[in-house]
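> Based on the provided sequences and hints, a complete structural model is requested.
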Amino acid sequence: NAGVTQTPKFQVLKTGQSMTLQCAQDMNHNSMYWYRQDPGMGLRLIYYSASEGTTDKGEVPNGYNVSRLNKREFSLRLESAAPSQTSVYFCASTLSQLSTYEQYFGPGTRLTVT
Amino acid sequence: AQSVTQLGSHVSVSEGALVLLRCNYSSSVPPYLFWYVQYPNQGLQLLLKYTSAATLVKGINGFEAEFKKSETSFHLTKPSAHMSDAAEYFCAVSDRRNTPLVFGKGTRLSVIA
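Chains as they are written, first to last, in our numbering: chain A, 1 to 114; chain B, 115 to 227.
Do not rely on the hints blindly, as some may be mistaken.
[As the list claims (entries may be wrong)] Below are the SDA-like pairs computed for lysine to any residue, each with C-alpha atoms no more than 25 Å apart in a straight line:
| # | chain 1 | residue 1 | chain 2 | residue 2 |
| --- | --- | --- | --- | --- |
| 1 | A | K9 | B | Q152 |
| 2 | A | K71 | B | R210 |
| 3 | B | K163 | A | D26 |
| 4 | B | K219 | A | G58 |
| 5 | A | K9 | A | L78 |
| 6 | A | K71 | B | R211 |
| 7 | B | K219 | A | E59 |
| 8 | B | K219 | A | A50 |
| 9 | B | K163 | B | N212 |
| 10 | A | K71 | A | T5 |
| 11 | B | K183 | B | L162 |
| 12 | B | K219 | A | V113 |
| 13 | B | K219 | A | D56 |
| 14 | B | K219 | A | S84 |
| 15 | A | K57 | A | E73 |
| 16 | B | K163 | A | L95 |
| 17 | B | K172 | A | E102 |
| 18 | A | K57 | B | S117 |
| 19 | A | K9 | B | R222 |
| 20 | B | K172 | A | S99 |
| 21 | B | K163 | B | A115 |
| 22 | B | K163 | A | N1 |
| 23 | B | K163 | B | T213 |
| 24 | B | K163 | A | Y104 |
| 25 | A | K57 | B | N212 |
| 26 | B | K219 | B | S128 |
| 27 | B | K219 | A | T86 |
| 28 | B | K163 | A | N30 |
| 29 | B | K183 | A | L98 |
| 30 | B | K182 | B | V143 |
| 31 | B | K172 | B | N138 |
| 32 | B | K182 | A | E102 |
Hints listed in this document are in silico derivations from the structure and should not be mistaken for laboratory results.
Rendered as structure tokens:
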């Protein structure tokens with residue numbers, strides 16, 4: 001049982017390049033999330049998927065797109081990376097956001113955009 | 115909409131001293147409340163949660179938190195700090211609807227030997 005896995009762990013991009021961050025969970029969770037973490041800003045929600053087949057914008061969606069590929073996988077795409085997107089990205093999942101189920105977090109992807 | 119305020123972005127305590135991390139919330143409905151911990155270079159993990167069963171909640175590693183409705187607070191405490199408690203701590207609130215958790219900005223705890 002691997003929990004929440006994220007690939008890659010580290011990535012360096014040049015401005016304007018694109019990339020997809022991958023996230024998968026093996027806990028049969030319904031809801032999945034993408035956050036970014038920046039110093040002094042805490043965790044900010046980028047996009048989430050309350051259930052398979054649905055996605056919604058969070059607090060900071062600009063410059064990102066997501067795909068809930070199936071129940072297990074939720075990817076985050078940067079179409080044209082900008083230095084402001086340098087951050088640590090976390091994927092998380094929970095059985096349901098309707099109740100008190102905890103969120104499980106992946107180990108993070110550290111992205112640098114030069 | 116619900117919100118969370120964590121007072122103090124950085125708290126420093128001596129080893130063996132009381133740890134007190136403050137969290138105040140705003141919610142239009144009775145909330146669920148959570149504390150998460152993040153060790154360096156890791157993701158967050160759950161410390162404890164309040165689900166209205168009891169106002170004093172005990173979590174892992176000797177931490178506990180008390181829900182005080184009159185003060186809209188959910189402060190995290192530990193009687194005696196260990197070096198291994200050095201981490202970042204996040205308070206989060208849920209309004210019990212089908213919406214994501216709202217996280218505070220975090221408090222970094224340093225423990226001095």
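> Next, verify each hint and record whether it holds.
Hint-by-hint comparison with the structure:
no. : hint               : verdict
1   : K9/A with Q152/B   : holds (17 Å)
2   : K71/A with R210/B  : holds (23 Å)
3   : K163/B with D26/A  : holds (23 Å)
4   : K219/B with G58/A  : holds (16 Å)
5   : K9/A with L78/A    : holds (16 Å)
6   : K71/A with R211/B  : holds (21 Å)
7   : K219/B with E59/A  : holds (14 Å)
8   : K219/B with A50/A  : holds (23 Å)
9   : K163/B with N212/B : holds (18 Å)
10  : K71/A with T5/A    : holds (14 Å)
11  : K183/B with L162/B : holds (17 Å)
12  : K219/B with V113/A : holds (23 Å)
13  : K219/B with D56/A  : holds (22 Å)
14  : K219/B with S84/A  : holds (19 Å)
15  : K57/A with E73/A   : holds (17 Å)
16  : K163/B with L95/A  : holds (16 Å)
17  : K172/B with E102/A : holds (15 Å)
18  : K57/A with S117/B  : holds (18 Å)
19  : K9/A with R222/B   : holds (23 Å)
20  : K172/B with S99/A  : holds (19 Å)
21  : K163/B with A115/B : holds (20 Å)
22  : K163/B with N1/A   : holds (24 Å)
23  : K163/B with T213/B : holds (17 Å)
24  : K163/B with Y104/A : holds (14 Å)
25  : K57/A with N212/B  : holds (14 Å)
26  : K219/B with S128/B : holds (23 Å)
27  : K219/B with T86/A  : holds (18 Å)
28  : K163/B with N30/A  : holds (20 Å)
29  : K183/B with L98/A  : holds (21 Å)
30  : K182/B with V143/B : holds (14 Å)
31  : K172/B with N138/B : holds (18 Å)
32  : K182/B with E102/A : holds (21 Å)
Every hint, counting from the list given before, is met by this structure.
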